[in-house]
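Novice: Sequence:
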Amino acid sequence: MYGVTRVMGIDGGYRGFYSKNTIPLTPKVVNDIHKRGGTILGSSRGGHVTKKIVDSIQDRGINQVYIIGGDGTQKGASVLFEEITRRGLNVAVVGIPKTIDNDIPVIDKSFGFDSAVEEAQRAINAAHVEATSFENGIGVVKLMGRNSGFIAMYASLASRDVDCCLIPESDYYLEGRGGVFEYIEQRLKENGHMVIVVAEGAGQDDEQVDVGLWISKKIKEHFSKEKKMMINLKYIDPTYMIRAIASNASDNVYCTLLAQSAVHGAMAGYTGFTVGPVNNTHAYIPFDRITEKQNKVDITDMMWAQLLSSTNQPSFLSTTRSADIIEANKDEEPPTQLSDEETNPC
Numbered sequence: 001m002y003g004v005t006r007v008m009g010i011d012g013g014y015r016g017f018y019s020k021n022t023i024p025l026t027p028k029v030v031n032d033i034h035k036r037g038g039t040i041l042g043s044s045r046g047g048h049v050t051k052k053i054v055d056s057i058q059d060r061g062i063n064q065v066y067i068i069g070g071d072g073t074q075k076g077a078s079v080l081f082e083e084i085t086r087r088g089l090n091v092a093v094v095g096i097p098k099t100i101d102n103d104i105p106v107i108d109k110s111f112g113f114d115s116a117v118e119e120a121q122r123a124i125n126a127a128h129v130e131a132t133s134f135e136n137g138i139g140v141v142k143l144m145g146r147n148s149g150f151i152a153m154y155a156s157l158a159s160r161d162v163d164c165c166l167i168p169e170s171d172y173y174l175e176g177r178g179g180v181f182e183y184i185e186q187r188l189k190e191n192g193h194m195v196i197v198v199a200e201g202a203g204q205d206d207e208q209v210d211v212g213l214w215i216s217k218k219i220k221e222h223f224s225k226e227k228k229m230m231i232n233l234k235y236i237d238p239t240y241m242i243r244a245i246a247s248n249a250s251d252n253v254y255c256t257l258l259a260q261s262a263v264h265g266a267m268a269g270y271t272g273f274t275v276g277p278v279n280n281t282h283a284y285i286p287f288d289r290i291t292e293k294q295n296k297v298d299i300t301d302m303m304w305a306q307l308l309s310s311t312n313q314p315s316f317l318s319t320t321r322s323a324d325i326i327e328a329n330k331d332e333e334p335p336t337q338l339s340d341e342e343t344n345p346c
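According to the working numbering, the sequence shown is numbered sequentially starting from 1.
These are calculated hints, taken from the structure and not from any lab test.
One or more of the hints may lead you astray.
As the list claims (entries may be wrong) - Distance condition first, Cα-Cα at most 30 Å in a straight line; then the derived DSS-like pairs of lysine-lysine: (1) Lys189 - Lys227; (2) Lys218 - Lys228; (3) Lys51 - Lys293; (4) Lys35 - Lys75; (5) Lys35 - Lys20; (6) Lys75 - Lys296; (7) Lys75 - Lys51; (8) Lys75 - Lys293; (9) Lys217 - Lys228; (10) Lys109 - Lys296; (11) Lys218 - Lys296; (12) Lys234 - Lys220; (13) Lys220 - Lys189; (14) Lys227 - Lys217; (15) Lys293 - Lys109; (16) Lys296 - Lys217; (17) Lys228 - Lys189; (18) Lys20 - Lys51; (19) Lys234 - Lys218; (20) Lys75 - Lys52; (21) Lys52 - Lys293; (22) Lys189 - Lys218.
As the list claims (entries may be wrong) - Derived Cβ-Cβ restraints for the label pairs, each shown as a range: (23) Asn248 - Lys51: 35 to 43 Å; (24) Met302 - Ala246: 30 to 38 Å; (25) Asp55 - Ala158: 41 to 49 Å.
Computed from a prediction, not measured in an experiment: that's the story for all the values here.
Every residue gets a Cβ at the ideal spot worked out from N, C-alpha and C, and that includes glycine.
Throw the hints in and build the complete structure from the sequences for me.
Specialist: Below you can see the structure in the form of structure tokens.
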């Protein structure tokens with residue numbers, strides 16, 4: 001539509017700007033990439049040397065940069081935009097929110113989230129089948145979510161087979177009255193089996209520890225040594241299987257809308273924004289709003305309450321801790337403007 005004749009892809013993430021060759025992107029090259037998982041451009045962690053990247057953009061004569069990725073990637077895009085602005089270059093910088101974790105704020109959801117939740121159902125279903133096949137069977141499924149538990153929460157709600165969902169935003173304790181172990185024992189006595197979904201960052205300060213393996217080990221130790229109770233625990237980690245799938249129909253439609261909105265915005269002369277739906281309306285959001293915080297599950301919100309109702313699990317939070325969270329959320333909310341009659345109706 002806009003008469004563009006040359007589009008290039010940067011191979012290998014931010015480092016690819018100055019360390020790898022570009023990949024020509026023609027209609028023929030990208031014709032069926034939506035049917036495949038992964039990425040034809042490759043990916044990497046780190047490699048964000050701002051000066052080198054902007055030097056490369058300037059040397060190559062690039063005038064529009066579309067940066068696709070999650071929370072950290074969007075922060076990198078914001079830094080590039082600032083440097084490009086400082087140099088006075090005529091280059092548009094546009095962010096496209098692609099992350100299965102759904103941890104980008106402001107927008108309704110990120111590209112890849114629906115596909116991840118849908119695929120997570122397979123792992124949960126497998127855990128449920130295994131758990132029901134043995135006496136006192138326990139299926140533990142670890143899902144993605146280092147800082148945000150959206151995949152675990154939505155997959156658990158969609159499944160209806162999950163008895164316990166643990167996410168980074170909600171603290172929990174294993175031992176003692178009201179803890180996870182007590183709840184597991186209760187569910188096993190009632191149903192003879194249970195399924196636990198745990199997000200990878202749930203209750204773990206040490207990023208090197210696999211929380212799925214850790215909690216599985218703790219459960220086995222507790223019931224074999226403390227309770228002298230025979231259990232059959234199966235642990236499933238579908239992380240890379242979920243990451244590798246092709247996007248589903250919902251995400252394919254969403255991705256097309258994101259791409260078209262991004263191009264229209266850049267061609268209209270806008271820059272320094274991430275595109276995404278806000279209350280179901282596609283909008284251009286300045287980078288500083290996208291990078292100011294990380295999207296997290298609000299455990300005082302209705303969605304988490306519905307999750308607790310669906311699984312029948314307790315909150316695993318002490319009364320004091322719950323009050324602290326509610327008070328903290330109150331502090332963040334802007335004051336409501338009310339008239340004197342409304343605040344003092346008597």
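Novice: It remains to establish, for every hint, whether it holds in the given structure.
Specialist: Hint check:
{"no.": "1", "hint": "Lys189 - Lys227", "in the structure": "holds (13 Å)"}
{"no.": "2", "hint": "Lys218 - Lys228", "in the structure": "holds (14 Å)"}
{"no.": "3", "hint": "Lys51 - Lys293", "in the structure": "holds (25 Å)"}
{"no.": "4", "hint": "Lys35 - Lys75", "in the structure": "holds (29 Å)"}
{"no.": "5", "hint": "Lys35 - Lys20", "in the structure": "holds (26 Å)"}
{"no.": "6", "hint": "Lys75 - Lys296", "in the structure": "holds (17 Å)"}
{"no.": "7", "hint": "Lys75 - Lys51", "in the structure": "holds (15 Å)"}
{"no.": "8", "hint": "Lys75 - Lys293", "in the structure": "holds (10 Å)"}
{"no.": "9", "hint": "Lys217 - Lys228", "in the structure": "holds (15 Å)"}
{"no.": "10", "hint": "Lys109 - Lys296", "in the structure": "holds (12 Å)"}
{"no.": "11", "hint": "Lys218 - Lys296", "in the structure": "holds (27 Å)"}
{"no.": "12", "hint": "Lys234 - Lys220", "in the structure": "holds (11 Å)"}
{"no.": "13", "hint": "Lys220 - Lys189", "in the structure": "holds (16 Å)"}
{"no.": "14", "hint": "Lys227 - Lys217", "in the structure": "holds (15 Å)"}
{"no.": "15", "hint": "Lys293 - Lys109", "in the structure": "holds (15 Å)"}
{"no.": "16", "hint": "Lys296 - Lys217", "in the structure": "holds (28 Å)"}
{"no.": "17", "hint": "Lys228 - Lys189", "in the structure": "holds (14 Å)"}
{"no.": "18", "hint": "Lys20 - Lys51", "in the structure": "holds (16 Å)"}
{"no.": "19", "hint": "Lys234 - Lys218", "in the structure": "holds (13 Å)"}
{"no.": "20", "hint": "Lys75 - Lys52", "in the structure": "holds (17 Å)"}
{"no.": "21", "hint": "Lys52 - Lys293", "in the structure": "holds (27 Å)"}
{"no.": "22", "hint": "Lys189 - Lys218", "in the structure": "holds (19 Å)"}
{"no.": "23", "hint": "Asn248 - Lys51: 35 to 43 Å", "in the structure": "holds (40 Å)"}
{"no.": "24", "hint": "Met302 - Ala246: 30 to 38 Å", "in the structure": "holds (32 Å)"}
{"no.": "25", "hint": "Asp55 - Ala158: 41 to 49 Å", "in the structure": "holds (47 Å)"}
The structure fails none of the hints (numbered hints given earlier).
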